[in-house]
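J.: Chain by chain, the residues:
There are 2 protein chains.
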Amino acid sequence: MENDLHLGQHISKRFNEELEEVRNLVMKMGGLVEQQVRSGLKALLAADQELAKKIVEEDDAVNALEIQIDETCTQILARRQPAASDLRLMVSIIKTITDLERIGDEAVKLGKNAAKLSDDGKSARQFVELRHLGEHVNETLNKALTAYARLDAETAFEIIKNDKVIDEEFDNISRLLITKMMEDPREIKNALRISWCARALERIGDHTKNICEYILYLVKGEDVRHNTVEEIRNKIAD
Amino acid sequence: MENDLHLGQHISKRFNEELEEVRNLVMKMGGLVEQQVRSGLKALLAADQELAKKIVEEDDAVNALEIQIDETCTQILARRQPAASDLRLMVSIIKTITDLERIGDEAVKLGKNAAKLSDDGKSARQFVELRHLGEHVNETLNKALTAYARLDAETAFEIIKNDKVIDEEFDNISRLLITKMMEDPREIKNALRISWCARALERIGDHTKNICEYILYLVKGEDVRHNTVEEIRNKIAD
Numbered sequence: 001m002e003n004d005l006h007l008g009q010h011i012s013k014r015f016n017e018e019l020e021e022v023r024n025l026v027m028k029m030g031g032l033v034e035q036q037v038r039s040g041l042k043a044l045l046a047a048d049q050e051l052a053k054k055i056v057e058e059d060d061a062v063n064a065l066e067i068q069i070d071e072t073c074t075q076i077l078a079r080r081q082p083a084a085s086d087l088r089l090m091v092s093i094i095k096t097i098t099d100l101e102r103i104g105d106e107a108v109k110l111g112k113n114a115a116k117l118s119d120d121g122k123s124a125r126q127f128v129e130l131r132h133l134g135e136h137v138n139e140t141l142n143k144a145l146t147a148y149a150r151l152d153a154e155t156a157f158e159i160i161k162n163d164k165v166i167d168e169e170f171d172n173i174s175r176l177l178i179t180k181m182m183e184d185p186r187e188i189k190n191a192l193r194i195s196w197c198a199r200a201l202e203r204i205g206d207h208t209k210n211i212c213e214y215i216l217y218l219v220k221g222e223d224v225r226h227n228t229v230e231e232i233r234n235k236i237a238d
Numbered sequence: 001m002e003n004d005l006h007l008g009q010h011i012s013k014r015f016n017e018e019l020e021e022v023r024n025l026v027m028k029m030g031g032l033v034e035q036q037v038r039s040g041l042k043a044l045l046a047a048d049q050e051l052a053k054k055i056v057e058e059d060d061a062v063n064a065l066e067i068q069i070d071e072t073c074t075q076i077l078a079r080r081q082p083a084a085s086d087l088r089l090m091v092s093i094i095k096t097i098t099d100l101e102r103i104g105d106e107a108v109k110l111g112k113n114a115a116k117l118s119d120d121g122k123s124a125r126q127f128v129e130l131r132h133l134g135e136h137v138n139e140t141l142n143k144a145l146t147a148y149a150r151l152d153a154e155t156a157f158e159i160i161k162n163d164k165v166i167d168e169e170f171d172n173i174s175r176l177l178i179t180k181m182m183e184d185p186r187e188i189k190n191a192l193r194i195s196w197c198a199r200a201l202e203r204i205g206d207h208t209k210n211i212c213e214y215i216l217y218l219v220k221g222e223d224v225r226h227n228t229v230e231e232i233r234n235k236i237a238d
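These protein sequences, in sequence, are chains A and B.
So that you can map any letter, position 143 of the first sequence is 143 in the UniProt record's numbering, and since no number is skipped, the others follow by simple counting.
So that you can map any letter, position 207 of the second sequence is 207 in the UniProt record's numbering, and since no number is skipped, the others follow by simple counting.
Because the hints were derived from the structure by calculation, they are not lab data.
Some hints could be false.
Since the list can't tell identical chains apart, any single copy or any two copies may satisfy a pair.
[Said to hold, decoys possible] Subject to a maximum C-alpha distance of 25 Å in a straight line, what follows is the list of computed DSS-like cross-link-like pairs (lysine-lysine):
#	residue 1	residue 2
1	LYS180	LYS53
2	LYS54	LYS164
3	LYS164	LYS53
4	LYS112	LYS13
Predicted, not measured: the structure shown is a model, and the values here were computed from it.
I would like the entire structure built from these sequences, with the hints used as guidance.
T.: Now the structure itself:
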């Protein structure tokens with residue numbers, strides 16, 4: 001399918017501005033969520049309780065943005081009756097912000113677990129694999145948001161292709177934690193907390209992948225959900 | 001806000017039919033997903049590997065419906081340019097099916113864990129609390145889908161109000177599992193599998209709650225996400 005994206009090319013200047021504004025709101029929400037994830041990881045590795053609390057507070061701003069963006073999209077749908085790529089933009093935004101909001105929720109879980117580990121005088125600092133997974137997920141989210149801003153289908157596809165690496169890292173951590181728990185049952189509680197954190201990070205990876213699928217839908221006009229990497233490659237080939 | 005829902009009351013008979021058709025597709029998808037959850041739970045409690053495999057296969061049908069419904073909604077948005085409650089119907093469907101699809105994913109996780117437990121000659125049958133949680137979540141999902149079919153805001157509100165009971169049951173299971181693991185470290189692996197199942201059920205509860213929020217949005221025209229139960233009660237009071 002040919003690229004029919006023509007953001008900012010409407011006869012109505014006001015309509016161009018409205019689309020630009022709502023895209024900016026999504027990017028603002030993305031920035032906030034990315035910040036939450038970064039703080040969640042930092043709180044976890046540094047056993048920083050203050051930072052953990054801050055993430056929970058920031059979640060209100062993220063939630064408020066979700067509602068504001070949905071309202072704005074609904075208004076644009078009602079007043080502008082967009083078609084073709086403008087309509088895809090609206091639908092993709094409505095889907096994207098649901099995933100962004102849930103990434104925020106997962107970051108809050110990181111923060112809460114960080115606070116609990118800190119209560120027990122523990123941090124996840126020693127746990128190299130969790131730090132690696134966290135950094136990887138963080139970087140992927142950052143790339144995805146940049147791809148969203150730039151309507152960069154190629155990077156979106158790369159991220160989808162590499163999601164399985166995050167899953168493998170998660171499986172690896174799960175195995176290590178089971179061994180740890182079996183070796184020292186007194187560590188079960190903390191190991192479980194670290195396991196919840198790993199799960200939260202893996203889910204952030206999933207939501208990031210979803211966002212990349214919406215980027216492909218927007219830019220290429222193709223719904224690539226539930227497709228294999230090979231199928232996606234064929235669908236989006238120009 | 002007054003109820004402005006007027007499904008099936010358009011001058012265009014064809015438009016009425018289109019809205020009815022897409023609502024029927026959503027209910028079909030809901031029925032499939034409900035079946036998946038029921039099978040997942042059964043597979044888990046009976047250590048039934050065949051049933052577990054079936055859930056994974058059924059997921060293709062659920063995923064295909066998600067894509068079909070999104071396409072249909074996008075077409076209706078483009079051709080009919082719906083306003084007011086018709087537009088809310090479209091937006092609420094686009095959101096609802098994302099949650100339905102993820103409920104299906106969680107049911108698949110139940111199935112996969114059931115198969116692994118069965119590999120090890122175990123089932124979750126003895127675990128009364130998990131069965132209770134499963135039955136509770138199942139029943140709630142069934143009620144939510146009926147509320148969706150009947151546009152029943154009252155039941156949707158009841159479900160949102162009672163979501164915390166599911167969270168409490170989940171917390172209770174987590175505590176029991178930690179004790180079990182500490183008492184007998186050989187049980188760690190299976191206890192973790194049961195813990196993933198409990199988490200999947202809890203998430204199905206969350207998605208069900210989300211669907212109920214969309215019912216309130218559709219019927220009452222109010223976005224009640226991230227609101228307290230008291231705030232929701234005030235918002236939807238006639």
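J.: Decide, hint by hint, whether the structure agrees.
T.: Status of the hints after comparison with the structure:
| no. | hint | result |
| --- | --- | --- |
| 1 | LYS180 <-> LYS53 | neither (29 Å within a copy, 31 Å between copies) |
| 2 | LYS54 <-> LYS164 | between (31 Å within a copy, 24 Å between copies) |
| 3 | LYS164 <-> LYS53 | between (31 Å within a copy, 22 Å between copies) |
| 4 | LYS112 <-> LYS13 | neither (45 Å within a copy, 53 Å between copies) |
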